[in-house]
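Use the sequences and the hints to build the structure in full.
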Amino acid sequence: MRGLTTQDGIGGELSLECGAVVVGSGAGGATVAAELAEAGVDVVMLEEGGYHPTESFTAGTGRALRTLYRDGGGGMAIGRPSVLYAEGRCVGGSTVVNGGMSWRTPARVLQRWAEQEGLRAIGERDLAPYFEAIESRLSVGPQDPETVGRDSELFRDAARARGWAVVANRRNQRHCAGTNNCSSGCPTGAKQSMLVTSVPRALAAGARLFADVRVDRVVLGRDTRAAIGVTGHVVRPGGGRGPGLTVRARAVVVAGGAIQTPALLARSGLRPAAGQLGRNLSVHPNAVVTAFFAEEVAGWQGVHQAFQVREFTREGLLLSATNLTPSMLAGILPVYGAELGSLMGDYNRVITAGPLVSDTGTGRVRYLPGVGPQVFYQLTERDAARVVRGVELTAKALFTAGARRVLLPFEGAPMVHSPGELGRLLARPVPRRALQLFSIHLMGTARMSADPRRGVTGSFGEFHGVPGLVVADASLFPGPIGINPMETVIALAMRNARRLLDRRDAYGI
Amino acid sequence: MREFGLMLGSLPPAARKALAVALAAVEQGARLYPAARGRRFTRLDDRTAAAYVRALLSRPDPAAELVRRLKSVFVMCYYELPEVQREIGYDPDPFIAAVSRRRLERYGTEL
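From first to last, the protein sequence lines are chains A and B. Residues in the first sequence are numbered from 84 upward in steps of one, following our numbering. Residues in the second sequence are numbered from 16 upward in steps of one, following our numbering.
These are computed hints drawn from the structure, not numbers from a lab. All of these numbers come straight from a predicted model, not from anything done at the bench. Note that CB positions come from ideal geometry on N, CA and C, so glycine has one too. Heads up, a few of these hints could be off.
[As the list claims (entries may be wrong)] Covered stretches of chain B (in silico footprint by chain A; criterion: 3 or more residues with CB under 8 Å from a CB of chain A, positions within the stretch not fixed):
1) 34-42
2) 45-55
3) 77-88
4) 114-124
Set out below in structure tokens:
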């Protein structure tokens, strides 16, 4: 790909100069890079992960975890309970491994952000043009019906039978084949991830992309305290340290996601006086209910997630059925030894489904020198109760769908064979530490606020007190959004890029 | 073992070390479990090994989390093996090939 340089193309120290350097090539970074490059800005994009083209994507979960995810997908937010999380780390970022769900930010969420944080130009109408552009460019729409799997159909029908509101997912896809390979990279290229959209757009417009490059610090001018570039190094296969790299730029855009962005800013010595950097982490805790059916379901034969139950959004709950590969399922089932082997023998009779909780609690990302970012998250009692409520609703729907037995995501929980048993089990309190939770939606650690005492960044992602430094990822969110965040990240990134371009004379780009 | 080695290789050095320490702790810690009668974990019969794991899981300290993490890594590697996947009826490659063909046949002109 023209404009792309990977680690094997960098033999020695590298020094570059450009108008804007963009750290990260996911939903935020690739979008900003494409918008700026198409407007004629000289852009350098730096991505810590490798370049893995569509042709390299297979059904191997292990291969995907090793090559497309940070730390093999094994992030953990420490707390009681701990929350497992995964971050993408490759050209295209998490958009390469997400489910592709593309939803506009709910109007009530935007209103809350505007009111609480005094943000400007962030209403539904303000963002509508960005959403329209995204949906057109990324081909956002419902699935072709032949790609919907039996697991999704059963869960949808059961939810409807219970009178619940169900919506067909809107996804960034061009006639998705329904390979169910979203989390390992789309092998057909149908998913319109940044890898096949905004990254090539940026490169076609003249941007330069350096993959396998880890950014160590944002560099500030000695006198001006403005961002003037970044330093980093090449990451060799196996994680070895390669040559150093310096980029001088007139604008620095950081888009490493809600864990890596605050970590990078903290190790660059940027510590806003209000102490908000790294705080306010939201994770949308997920839990997985595993249901066993008499009939064969083969949930892996169909799109990753086709529907969402929207009946309980006012309670902060979203329910959906999402198939997990055997290794993923075995990894999360709260059973061991022979019992695990026996349950996995029924893999083709399984539906996995569960709630996503719009959390009220917050966590924190701390950067510890020599160790790296450490994530702490404490689930609140209120959110724990909502997880249990979401699990109960999901299990009820699965029984309605015909499940013979259901395993709840609570450590030590017995197999449940009927709604009656479920009710009796959940009549007793579920210890918070027994909940098995994971997250793929990490948000809010450099939140926008007009008030520098409350936030890290301003209305358009500009870092308070550091001219020339802009954030463009989910760390901007002033709180959880309750739905899949990708389209919001892209819209905010476009908006922040627009702002940079409106002021390009001031930035000198 | 190859899959496990590859997975280990993808972890940062600190996590790799932590995993090695955790493995050693679980292996040797079994000696302190009364029913093990001084044997290490990999020398236990299935019943005693399962009881030892249950005992670790019920502890109110990080040992339980450690066991959960170790189990996840091991079983994820195990269920990545093609022969194990075939045994439970998971064979995605022919399916991916078929639906990819279907996509091209139906929508090829639009792509």
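Per the coverage rule (Cβ-Cβ under 8 Å, at least three residues), is the stretch 77-88 of chain B covered by chain A? holds (count 7)
Whether chain A covers the stretch 45-55 of chain B (at least 3 residues having a Cβ closer than 8 Å to its Cβ atoms): As far as the stretch 45-55 of chain B goes, the hint is violated, because 0 residues have Cβ atoms under 8 Å from chain A.
At a Cβ distance under 8 Å, does chain A reach at least three residues of the stretch 34-42 of chain B? This one is violated; 0 residues, fewer than the three required, reach chain A with a Cβ under 8 Å.
Check, residue by residue, whether the stretch 114-124 of chain B contains three or more positions whose beta-carbon lies closer than 8 Å to a beta-carbon of chain A, and give the verdict. holds (count 6)
Checked against the numbered hints given earlier, the structure breaks hints 1, 2 and satisfies all the rest.
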